[in-house]
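K.L.:
Here is how the chains run, residue by residue.
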Amino acid sequence: MDALVIGTIIKVVLVLLVVSALAGFGTYIERKVLAFMQRRLGPAHVGPFGLLQIAADGIKLFTKEDIIPQNANKFIFSLAPVITAATAFIALSAVPLFPTFIIPESLPLIGGAIVPSVIADVNIGILFVLGMMAAGLYGPLLAGMAQANKWGILGSARTAIQFLSYEVVTGLSVLAPIMLVGSLSLIDFNNAQIGGVGSWIIWQQPIAFVLFLIAGFAETNRTPFDLLEHEAEIISGYVTEYSGLRWGMFFIGEYSNMFTISILAAVIFCGGYGDIGFIPGWLALLLKVVFFFFLMLWVRASWPHIRPDQLMWLCWKVLMPLAVINIVITGIVVMI
Amino acid sequence: MHEEIIHTNNTSKEKQNYTMLELGSTPAYGWPAFKQVVKRSLSRELFVGLWLTIKEMGKTLFLGGKHTTQYPFEKLPISPRYRAIHNMLRLLESGHYRCIGCGLCEKICISNCIAMETRYDENQRKEVSEYTINFGRCIYCGYCAEVCPELAIVHGGRYETASEQRASFSLFDDMLTPIDVLKQQQEFAGFGSVSPNADAAIKKTPLAY
Ligand code: SF4
Ligand code: SF4
Chain A
1 MDALVIGTII
11 KVVLVLLVVS
21 ALAGFGTYIE
31 RKVLAFMQRR
41 LGPAHVGPFG
51 LLQIAADGIK
61 LFTKEDIIPQ
71 NANKFIFSLA
81 PVITAATAFI
91 ALSAVPLFPT
101 FIIPESLPLI
111 GGAIVPSVIA
121 DVNIGILFVL
131 GMMAAGLYGP
141 LLAGMAQANK
151 WGILGSARTA
161 IQFLSYEVVT
171 GLSVLAPIML
181 VGSLSLIDFN
191 NAQIGGVGSW
201 IIWQQPIAFV
211 LFLIAGFAET
221 NRTPFDLLEH
231 EAEIISGYVT
241 EYSGLRWGMF
251 FIGEYSNMFT
261 ISILAAVIFC
271 GGYGDIGFIP
281 GWLALLLKVV
291 FFFFLMLWVR
301 ASWPHIRPDQ
311 LMWLCWKVLM
321 PLAVINIVIT
331 GIVVMI
Chain B
1 MHEEIIHTNN
11 TSKEKQNYTM
21 LELGSTPAYG
31 WPAFKQVVKR
41 SLSRELFVGL
51 WLTIKEMGKT
61 LFLGGKHTTQ
71 YPFEKLPISP
81 RYRAIHNMLR
91 LLESGHYRCI
101 GCGLCEKICI
111 SNCIAMETRY
121 DENQRKEVSE
131 YTINFGRCIY
141 CGYCAEVCPE
151 LAIVHGGRYE
161 TASEQRASFS
171 LFDDMLTPID
181 VLKQQQEFAG
191 FGSVSPNADA
201 AIKKTPLAY
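Quick mapping for you: the protein sequence lines, in order, are chains A and B.
Under my numbering, the first residue of the first sequence is numbered 1, with each subsequent residue one higher.
Under my numbering, the first residue of the second sequence is numbered 1, with each subsequent residue one higher.
Source of the hints: derived by calculation from the structure; they are not laboratory data.
Treat the numbers as computed from the prediction; the structure is a model and nothing was measured.
Certain hints may be false.
Stretch by stretch, here's where chain B covers chain A in the computed footprint (C-beta under 8 Å, at least three residues) [as the list claims (entries may be wrong)]:
hint, stretch
1, 36–50
2, 289–302
From chain B, some residues computed to sit far from chain A (all C-beta separations above 10 Å) [what the hints assert, rightly or not]:
hint, residue
3, R44
4, R81
5, A200
6, K203
Think about it this way: if two alpha-carbon atoms lie no more than 27 Å apart in a straight line, the pair counts; the simulated DSSO-like pairs of lysine-lysine are [what the hints assert, rightly or not]:
hint, chain 1, residue 1, chain 2, residue 2
7, B, K39, A, K317
8, A, K64, A, K150
9, A, K150, A, K74
10, A, K317, B, K75
11, B, K55, B, K39
12, B, K183, B, K75
Virtual Cβ for every residue (Gly too), placed ideally from N, Cα, C.
Generate the whole structure from the sequences, applying the supplied hints.
P.N.:
Take a look at the structure:
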């Protein structure tokens, strides 16, 4: 096998392992950050600083009884979590994670393999990632309808509403940067911004950036758009009847989506893995992703969530016109 | 906007200071609603919220502003008037238990959970040979502590009453102050005890009617 193929396989394994571990770690960080913002302690007893809480939760999830409700459609009920988790990981395959590097020749077996920055450098990278994440919403949609539970149905209905609302905004908001860069590949986006902080697209497209963030929050069901499973209103929405491993898969999917959106925001608008001064590229990307992840938690701790009708109103009557105007202005500027 | 509202039916007739929020009217859909959304999104409100939470996080992390009581390891103080598992007190002078076996607590207990037996000991004094409280039935009403003429049965502060057996707390010897910590036995300040102003509250009883 040639070096690139081995490298790609290594990368796939790396991404799978790192991202699922990060998803677990993300829950820990989320609980800690929310706790501190609410003057609490968060997980503190299992392991140092409560770090092993992740492991404890994992063991709990994996060993729980697998319950399928009596009237549920068993096939779809079991399929739905897989859709969410799988699409979340597939979406990551077109996202550049680290600069390309070559494994030293001295290592046996895999020495000399070229580990690419992105698993599949498809030339429609952005479309692929966004499409995959959108397809991931079939998980909640089918899950809610398959479980024979009225809260589940309400969750599905809200999924559909949310999907119809934000997807337009996501697409239109990235359109303007795409026009500037002239490519759909995330690698090209990264390369267009390697000229340091000043060349970041966020300075030329602040509105698109904000719109993309808002749509990203909706895409990952984060507060203020966590309509799908808002406990105070619809018990748990589409996950009402789920428990154990299947519920865990939804969870991993949600958290990897959070990472994907963070990475996308960093790559499209904030310079990707280009070096900033003395900070090497991989660290710069990591810092940006951590910031966006933290932003999601921060917003969750600070802001109330909105009603479904407000979400539709916001997306269709405010954000979409804004995005269109932004595109028109960008188009005029690009032509001139 | 501060407004002083006087509640006429408030017996204490105190003025209460309420802060009334100026929320304005809620516009229906359309242009006014749009204006309100723009105003709320572009004014500093959202960022005030963000600033507040990050400030709290900083305080919690670096200034020790945590509000958590780590319960099994730390406990909040409870009021001395709290009525939890009973204590049987001893006489400080002799170390003998105070209970004289009068049976008033057994009589007054409204859930019938005190069981006691008495007999004459070798000195022909009354002795309590059995004394148990069934804490499965006790409603912690405090009548027993209130009626006791000797302040022998009082309510302690042990509110963690989960145990493997019902009998765990309920025997006389379990509730009795251990003889070796008699010095630390504190006069009970809670339910049924003599109030601090008891002396002042006593009136001279007229001798003749
Ligand atoms: S507290 Fe009330 S219910 Fe409990 S033993 Fe005393 S009198 Fe009976
Ligand atoms: S009322 Fe007091 S003195 Fe009388 S039996 Fe009960 S505990 Fe003993």
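K.L.:
Compare the structure with each hint and give your call.
P.N.:
Here's how the hints hold up against the structure:
Only residues whose beta carbon comes within less than 8 Å of a beta carbon in chain B count, and the stretch 36–50 of chain A has 7; three or more means the coverage holds. With 4 residues bearing a CB less than 8 Å from a CB of chain B, the stretch 289–302 of chain A meets the requirement of three and the coverage assertion stands. Against the 10 Å criterion, B/R44 stays outside the reach of chain A, whose nearest CB is about 13 Å from its own CB. At the 10 Å boundary, the C-beta of B/R81 stays outside the reach of chain A, the nearest C-beta of that chain being 29 Å off.
Non-interface status of B/A200 relative to chain A is upheld: no Cβ of that chain comes within 10 Å, the nearest being about 45 Å off. Listed as a non-interface residue, B/K203 keeps its Cβ farther than 10 Å from every Cβ of chain A; the least gap is roughly 52 Å. The suggested pairing of B/K39 with A/K317 holds, with an alpha-carbon distance near 16 Å, which does not exceed 27 Å. For the proposed pair A/K64 and A/K150, the alpha carbon gap of about 24 Å is at most 27 Å, so the pair holds.
Only pairs whose Cα atoms come within 27 Å are accepted, and A/K150 paired with A/K74 is accepted, the gap being roughly 17 Å. With a CA separation close to 53 Å, the supplied pair A/K317 and B/K75 exceeds the 27 Å bound. With a C-alpha separation of about 24 Å, the suggested pair B/K55 and B/K39 falls inside the 27 Å cut-off, and the hint holds. In summary, the hint linking B/K183 to B/K75 is supported, as the alpha carbons are separated by about 24 Å, within the 27 Å threshold.
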